[in-house]
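Trainee: One letter stands for each residue in the lines below.
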Amino acid sequence: MSGKIARFSAMLARGEVTSRQLTERYIARIQKLNPVLNAYVCTTFEEALIQADYADGLIKSGMAMPLTGIPMALKDNICTEGLPTTCCSKMLQGYRPCYSATVWERLKAQGAVLLGKTNMDEFAMGSASETSFFGAPKNPADISRVTGGSSGGSAAAVAADLAVYALGSDTGGSVRQPASFCGVVGFKPTYGAVSRYGLIAYASSLDQIGPLASSAEDAAIVYDAIRGSDVRDQTSLPSAGGPTPLECDISSLTVGVPQEFLGEGVAEEVKQAIGAAVCAFERAGAKVKKVTLPAFEVALPVYYIISCAEASSNLGRYDGIRYGFRAEQFGDIRDMVIKTRSAGFGNEVKRRIMLGTYVLSSGYFDAYYKKACLLRGRIRQEFARVFGECDILLTPTSPTTAFRLGQKPASSTAAYLADICTVPASIAGLPAVSVPCGIGEGGLPIGLQMIADRSRDDLVLACAHFFEGVAEVKTPLCREVQL
Amino acid sequence: MAIEKQQLEHLARLANLEFGGEELEKFKEGFEEMVAFCDGINHAVAGDTSSIRGVDSRTIDFEDLREDTAQPSLAAEKVLSNGQSSNGYFTVRRVVK
Chain A
0 MSGKIARFSA
10 MLARGEVTSR
20 QLTERYIARI
30 QKLNPVLNAY
40 VCTTFEEALI
50 QADYADGLIK
60 SGMAMPLTGI
70 PMALKDNICT
80 EGLPTTCCSK
90 MLQGYRPCYS
100 ATVWERLKAQ
110 GAVLLGKTNM
120 DEFAMGSASE
130 TSFFGAPKNP
140 ADISRVTGGS
150 SGGSAAAVAA
160 DLAVYALGSD
170 TGGSVRQPAS
180 FCGVVGFKPT
190 YGAVSRYGLI
200 AYASSLDQIG
210 PLASSAEDAA
220 IVYDAIRGSD
230 VRDQTSLPSA
240 GGPTPLECDI
250 SSLTVGVPQE
260 FLGEGVAEEV
270 KQAIGAAVCA
280 FERAGAKVKK
290 VTLPAFEVAL
300 PVYYIISCAE
310 ASSNLGRYDG
320 IRYGFRAEQF
330 GDIRDMVIKT
340 RSAGFGNEVK
350 RRIMLGTYVL
360 SSGYFDAYYK
370 KACLLRGRIR
380 QEFARVFGEC
390 DILLTPTSPT
400 TAFRLGQKPA
410 SSTAAYLADI
420 CTVPASIAGL
430 PAVSVPCGIG
440 EGGLPIGLQM
450 IADRSRDDLV
460 LACAHFFEGV
470 AEVKTPLCRE
480 VQL
Chain B
0 MAIEKQQLEH
10 LARLANLEFG
20 GEELEKFKEG
30 FEEMVAFCDG
40 INHAVAGDTS
50 SIRGVDSRTI
60 DFEDLREDTA
70 QPSLAAEKVL
80 SNGQSSNGYF
90 TVRRVVK
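Read top to bottom, the protein sequences are chains A and B. Mapping of the first sequence onto numbering that gives the first Met the number 0: position 308 corresponds to residue 307, and the numbering continues sequentially without gaps. Mapping of the second sequence onto numbering that gives the first Met the number 0: position 16 corresponds to residue 15, and the numbering continues sequentially without gaps.
Calculated directly from the structure, the hints in this document are not laboratory data. These numbers were taken from a predicted model, which means no experiment stands behind them. By construction, the Cβ of each residue, glycine as well, lies at the ideal position given by its N, Cα and C atoms. There may be inaccurate statements among the hints.
[As the list claims (entries may be wrong)] Covered by chain A, per the in silico footprint, the following chain B stretches (three or more residues, Cβ under 8 Å): (1) 29-35; (2) 74-83.
[To be verified] To give an idea of the chain B side of the interface with chain A (calculated C-beta under 10 Å), a few residues: (3) Leu7; (4) Phe26; (5) His42; (6) Thr48; (7) Gly87; (8) Phe89.
Construct the entire structure; sequences and hints are all you get.
Mentor: The following block contains the structure:
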């Protein structure tokens with residue numbers, strides 16, 4: 000089974016299609032379907048056609064690389080020099096960065112073709128992409144449902160074939176959870192495996208850029224193009240040369256199934272799909288073992304304390320002076336900063352800044368932030384213990400399938416439960432992938448999450464590749480997005 | 000956990016934000032829920048930190064940091080292009096009268 004990128008690359012190499020023709024085909028699809036899906040918040044068609052012509056030149060001169068001439072998309076929090084980058088916030092309306100993110104520089108160096116920037120939760124804070132200043136994107140499997148978030152636009156674009164692949168960013172599950180909801184592959188590499196330079200910061204110790212694609216093979220090709228150390232990001236890690244191997248002997252693996260991930264709140268259809276996935280590994284000869292991660296109980300509050308603390312610091316830079324929105328009516332300069340921030344940020348962003356300020360403030364620092372950092376260490380220790388007994392963990396990506404757009408949560412924190420399966424790997428900085436593993440009620444995709452030990456990104460992708468081959472899950476598109 | 004209105008106003012000042020009277024009342028309720036949610040770290044078993052020893056909660060290995068030497072920087076005119084600027088500086092309303 001060959002992935003979409005390899006198929007298009009082969010067609011480009013044989014001259015069966017040019018990058019310009021391929022790009023024009025994607026532009027036509029976006030023009031037709033984006034008004035329905037709202038996956039893109041900005042399109043860059045003019046630049047895309049110039050990049051496609053450049054790619055065709057590279058192909059003709061025999062200098063093509065794996066991603067040369069392949070049309071793709073970037074989440075709107077990844078800086079692109081001279082092109083709008085707004086984090087889907089009023090605060091960054093009109094902002095055109097004067098530099099590009101390392102990931103985009105690396106893709107451009109391969110001759111990638113950028114179709115546009117994709118929709119997301121404001122400053123990546125959310126699990127449904129509904130906090131976007133530009134309105135929520137819609138799920139291609141059912142347009143009355145959310146895409147998940149925060150990389151919802153990237154997931155919708157890949158699922159509806161409005162891009163061959165896209166990049167997203169994952170702080171607590173923001174690549175994996177929308178991938179699960181939209182029925183595509185979403186990969187969060189080991190923390191540091193991909194440079195964060197030019198990714199607009201939410202929570203710096205958790206943020207990681209990762210690909211969304213229609214297969215594990217495609218995700219691996221994109222990962223290979225963007226990974227590796229970067230002098231401009233001191234947390235980036237060196238990586239081994241050569242492509243990530245996707246073949247592995249499943250019968251030599253011990254698969255762990257953490258019991259806490261299948262507890263209360265996980266839908267029956269999700270449990271059944273995960274059970275069937277575990278059986279597929281068992282049939283291939285893998286040893287299956289039930290494991291426990293008791294610190295799972297505190298993972299969500301630990302995540303929200305640490306991420307909001309970091310966000311309150313990172314978002315302190317938006318003062319209306321150097322970029323983005325500035326309030327028009329104000330008194331002195333301090334009043335200008337306050338009025339700018341109060342009018343520029345949406346409610347969820349303000350809530351998280353306030354919570355972060357609270358847990359870092361005098362009198363509460365030890366009880367919340369310091370304790371959360373200690374518990375983060377415990378979560379890492381528990382993962383280390385579990386990876387002494389098994390090679391890979393299988394869990395649901397999300398407790399449920401995609402919920403309805405505009406559905407009011409029972410409380411202001413109820414929506415945070417959507418991240419419950421994805422935050423543990425984020426806290427520990429581990430590689431994790433979501434792969435479609437079933438179709439639930441209403442034709443909605445279900446995602447299987449696989450987590451491996453630090454720097455075993457290759458194992459995560461190889462297991463995802465194996466599973467795709469045996470499961471062959473096809474996510475149906477709803478009537479409104481079929482051309 | 001109840002959060003006093005004055006405490007919220009203090010936090011808002013620290014965060015360079017402001018909330019109108021009604022907005023603050025509405026915000027208070029949701030904020031209290033968030034704090035209660037974060038109190039989940041006090042879970043009787045999983046939240047007990049008394050036995051945690053030798054945990055390294057750092058994300059960065061400081062010994063891996065590069066030397067603090069000057070690197071090429073962004074061009075000033077490009078950086079200034081996203082804000083209000085004049086004569087090579089960002090401009091704001093006069094501070095000293």
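Trainee: For each hint, tell me whether it holds in the structure or not.
Mentor: Cross-check of the supplied hints:
For a cut-off of 8 Å, the count of residues in the region 29-35 of chain B with a CB near a CB of chain A stands at 6, and the three-residue condition holds. With a threshold of 8 Å between beta carbons, the proposed coverage of the region 74-83 of chain B by chain A holds, since 7 of its residues qualify and at least three are required. Among the interface hints, the one on leucine 7 of chain B holds; its C-beta lies about 8 Å from the nearest C-beta in chain A, closer than the 10 Å criterion. For the restraint placing phenylalanine 26 of chain B at the interface with chain A, the shortest Cβ-Cβ distance is roughly 8 Å, inside the 10 Å limit, so the hint holds.
Given hint, histidine 42 of chain B at the interface with chain A, holds; its Cβ is 5 Å from that chain's nearest Cβ, closer than 10 Å. A cut of 10 Å between beta carbons decides the hint on threonine 48 of chain B: the least distance to chain A is about 5 Å, and the hint holds. Interface restraint check: glycine 87 of chain B against chain A, minimum CB-CB distance 14 Å, threshold 10 Å, status violated. For phenylalanine 89 of chain B, the interface hint holds, the least distance from its beta-carbon to any beta-carbon of chain A being 5 Å, beneath 10 Å.
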